[in-house]
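Number of protein chains: 2
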Amino acid sequence: MITVVKIGGNVIDSPELLADFLDKFSKIDGPKVLVHGGGKIATELSKKLGVEPNMVDGRRITDADTIDIVTMVYAGLVNKKMVAALQSRGCNAIGLSGADANIICGVVRPKEPIDFGFVADLTDDSVHEDHLKQLLYDGLTPVFSAIVHDGNGNLLNCNADTIASSIAVALSKKGDTKLVYCFEKRGVLRDVDDDASLISLIKKEEMDGLVSSGVVAKGMIPKLTNAFAALSKGVGSVVITQAEDVLTAAAKPLGCGTTLSL
Amino acid sequence: MITVVKIGGNVIDSPELLADFLDKFSKIDGPKVLVHGGGKIATELSKKLGVEPNMVDGRRITDADTIDIVTMVYAGLVNKKMVAALQSRGCNAIGLSGADANIICGVVRPKEPIDFGFVADLTDDSVHEDHLKQLLYDGLTPVFSAIVHDGNGNLLNCNADTIASSIAVALSKKGDTKLVYCFEKRGVLRDVDDDASLISLIKKEEMDGLVSSGVVAKGMIPKLTNAFAALSKGVGSVVITQAEDVLTAAAKPLGCGTTLSL
Numbered sequence: 001m002i003t004v005v006k007i008g009g010n011v012i013d014s015p016e017l018l019a020d021f022l023d024k025f026s027k028i029d030g031p032k033v034l035v036h037g038g039g040k041i042a043t044e045l046s047k048k049l050g051v052e053p054n055m056v057d058g059r060r061i062t063d064a065d066t067i068d069i070v071t072m073v074y075a076g077l078v079n080k081k082m083v084a085a086l087q088s089r090g091c092n093a094i095g096l097s098g099a100d101a102n103i104i105c106g107v108v109r110p111k112e113p114i115d116f117g118f119v120a121d122l123t124d125d126s127v128h129e130d131h132l133k134q135l136l137y138d139g140l141t142p143v144f145s146a147i148v149h150d151g152n153g154n155l156l157n158c159n160a161d162t163i164a165s166s167i168a169v170a171l172s173k174k175g176d177t178k179l180v181y182c183f184e185k186r187g188v189l190r191d192v193d194d195d196a197s198l199i200s201l202i203k204k205e206e207m208d209g210l211v212s213s214g215v216v217a218k219g220m221i222p223k224l225t226n227a228f229a230a231l232s233k234g235v236g237s238v239v240i241t242q243a244e245d246v247l248t249a250a251a252k253p254l255g256c257g258t259t260l261s262l
Numbered sequence: 001m002i003t004v005v006k007i008g009g010n011v012i013d014s015p016e017l018l019a020d021f022l023d024k025f026s027k028i029d030g031p032k033v034l035v036h037g038g039g040k041i042a043t044e045l046s047k048k049l050g051v052e053p054n055m056v057d058g059r060r061i062t063d064a065d066t067i068d069i070v071t072m073v074y075a076g077l078v079n080k081k082m083v084a085a086l087q088s089r090g091c092n093a094i095g096l097s098g099a100d101a102n103i104i105c106g107v108v109r110p111k112e113p114i115d116f117g118f119v120a121d122l123t124d125d126s127v128h129e130d131h132l133k134q135l136l137y138d139g140l141t142p143v144f145s146a147i148v149h150d151g152n153g154n155l156l157n158c159n160a161d162t163i164a165s166s167i168a169v170a171l172s173k174k175g176d177t178k179l180v181y182c183f184e185k186r187g188v189l190r191d192v193d194d195d196a197s198l199i200s201l202i203k204k205e206e207m208d209g210l211v212s213s214g215v216v217a218k219g220m221i222p223k224l225t226n227a228f229a230a231l232s233k234g235v236g237s238v239v240i241t242q243a244e245d246v247l248t249a250a251a252k253p254l255g256c257g258t259t260l261s262l
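For the protein sequence lines, the chains are A and B, in the order given. Under our numbering, read the first sequence as residues 1 to 262, first letter to last. Under our numbering, read the second sequence as residues 1 to 262, first letter to last.
Mixed in with the good hints, there may be bad ones.
Where chains are identical, the list cannot tell them apart; a pair therefore holds if satisfied intra-copy or between any two copies.
Said to hold, decoys possible - In silico SDA-like cross-links for lysine to any residue, where the CA-CA straight-line distance does not exceed 25 Å:
1. K40 with A251
2. K203 with K233
3. K48 with V192
4. K133 with N92
5. K111 with S88
6. K27 with G153
7. K47 with D138
8. K218 with I61
9. K27 with D150
10. K27 with N152
11. K27 with G214
12. K204 with D124
13. K27 with G151
14. K40 with G50
15. K24 with D150
16. K40 with S200
17. K111 with G236
18. K218 with A229
19. K48 with G30
20. K24 with G153
Don't read these hints as lab results, they were simulated from the structure.
Next comes chain A alone, as it looks inside the complex (with noise of 0.2 Å):
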């Protein structure tokens, strides 16, 4: 069994949740890998550096000053601390994007109606998974940022849920994986601020109606779209859990979180 858990921008700004966070996925038993977001330290940046962000319908641009600022937090200091951080754990972690080693190639996301600029989105042959399944044999850990190459020289900036769902996927196709998504949240709640409203299993019929009824809305919806998806692809189980609960979700089926199911 492989692990593959994602970790959210919330909880990577908060040391205290993401040492928490660290100490228990160091202790996952088995092959694992880590797919992070980027958090606030971005957007911080770019201000300083009089980068002024670019929102169209609630997504960022990507422009070539806005690439190399998240090239930099993402790929350089997000993840190297991180990787110094598990290694201090005892857990032999190597931080990736999908450039290294030609991991994941994604394809720029088209310029019509709207150009992103430097986004990827990924096809179903953008992940390589030969030698990520080398690192994971060889007993190391992958940690990938969410930058990712398009073969031709270019970084681009990727979602890191589609990251996380998509290496699923590709290690799948030879052996069992289980895929974590790990936020500030308890799981799916039926309301938003009652932690005790967990819906802790979802079935992919139910999807439209938790939609339709808006208990399901706005950045769950990709993230929920994600994961059956990735389930429709092999990937054994896809679990939604608050990051504290990592060790408990990569264990048990149903032991926390929300649960996904065809």
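Since chain A is already given, all that's left is putting chain B on it; use the hints.
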């Protein structure tokens, strides 16, 4: 034969020189490792962020803000751009810091007489070559920034020349290794302003005389000291040459630049 190449900051700062260098580096036969310095980008970013360089005796003090900046620039931006550029040239590069796979674990430089902050010295045990050799065996080309870790969760700034020689020494334990230092000059020159004054061979016994006569001065002294130490610890050959001659230096003994010999 494994070729370890170090590329200096002045080449990195010139897009044309760097592109030409990467064209040639990607064509070197056999397993190879690239170690890169930083260039001016980190200094420029520091200034923009209002982090004043703090120099003592001509050497930079690396405080907490500065290690974040050099990690962003060297391990993030410079490293990943170089990896993406090599990938587009058909070279399967993997960008690493010393923290990744715990390949280079340094020790913080002693705080007396001057506290240099987050700066690493390397010892004879600092390079753990097992995973590095595995990456080479798997057909990958490791590309190192000059950031290492201390094993306790801290990232440390290190000298790229020292990293290159330490890697070459570690890899030479089980095979022939060649070390090529690339910079903007043809090699060691008798007259720094006269390219025709290249010294094509320097024996170790000549070093003291070249220093006392002033031919070898400033940054070239630690470079040569590093190089002779590498030879005495098992590296097969060391060449100091200009970046555009990297392919010749890797292929032919005494083909270009300054060759060092015990």
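Do the hints match the structure? See the list:
In this assembly of identical chains, K40 and A251 lie within 25 Å of each other by CA distance neither inside one copy nor across copies; the values are 30 Å within and 47 Å between. Taking the shortest Cα distances, K203 and K233 sit within 25 Å of each other inside one copy (16 Å), while across copies they are farther apart (62 Å). Proximity of K48 and V192 under a CA criterion of 25 Å is satisfied in neither setting, with 33 Å inside one chain copy and 41 Å between copies. Taking the closest pair of Cα atoms, K133 and N92 come within 25 Å of each other both inside a single copy (15 Å) and across two copies (16 Å).
Proximity of K111 to S88 under the C-alpha cut-off of 25 Å is restricted to the inter-copy arrangement: shortest distance 22 Å between copies versus 43 Å within a copy. With identical chains, the CA atoms of K27 and G153 are at most 25 Å apart between copies only, with a shortest distance of 17 Å across copies and 36 Å within one. For the homomeric pair K47 and D138, neither the shortest alpha-carbon distance inside one copy (41 Å) nor that between copies (42 Å) is at most 25 Å. Taking the closest pair of Cα atoms, K218 and I61 come within 25 Å of each other only inside a single copy of the chain (19 Å); across copies the shortest separation is 46 Å, beyond that limit.
In the homo-oligomer, the alpha carbons of K27 and D150 lie at most 25 Å apart only across protomers (21 Å), although the nearest pairing inside one protomer, at 34 Å, exceeds that limit. Taking the shortest Cα distances, K27 and N152 sit within 25 Å of each other only across copies (17 Å), while inside one copy they are farther apart (38 Å). For a Cα distance limit of 25 Å, the shortest separation of K27 from G214 qualifies neither inside one copy, at 36 Å, nor across copies, at 56 Å. For the identical chains of this complex, K204 and D124 are intra-copy neighbours only, at 21 Å inside a copy versus 56 Å across copies, given an alpha-carbon limit of 25 Å.
Taking identical chains as interchangeable, the C-alpha atoms of K27 and G151 lie at most 25 Å apart only when they sit on different chains, with a minimum of 17 Å there against 35 Å within one chain. When the C-alpha separation of K40 and G50 is checked against a cutoff of 25 Å, the pair qualifies both within a copy, at 16 Å, and between copies, at 20 Å. For the identical chains of this complex, K24 and D150 are inter-copy neighbours only, at 21 Å across copies versus 34 Å inside a copy, given an alpha-carbon limit of 25 Å. Taking identical chains as interchangeable, the C-alpha atoms of K40 and S200 are never at most 25 Å apart, the minima being 30 Å within one chain and 52 Å between chains.
Taking the shortest Cα distances, K111 and G236 never come within 25 Å of each other, neither inside one copy (35 Å) nor across copies (52 Å). For a Cα distance limit of 25 Å, the shortest separation of K218 from A229 inside one copy, 18 Å, qualifies, whereas the shortest one across copies, 60 Å, does not. Taking identical chains as interchangeable, the C-alpha atoms of K48 and G30 are never at most 25 Å apart, the minima being 41 Å within one chain and 44 Å between chains. Taking CA atoms no more than 25 Å apart as the test, K24 paired with G153 passes between copies only; the shortest distance there is 16 Å, against 36 Å inside one copy.
The structure fails to meet hints 1, 3, 7, 11, 16, 17 and 19 from the earlier list, while all remaining hints are met.
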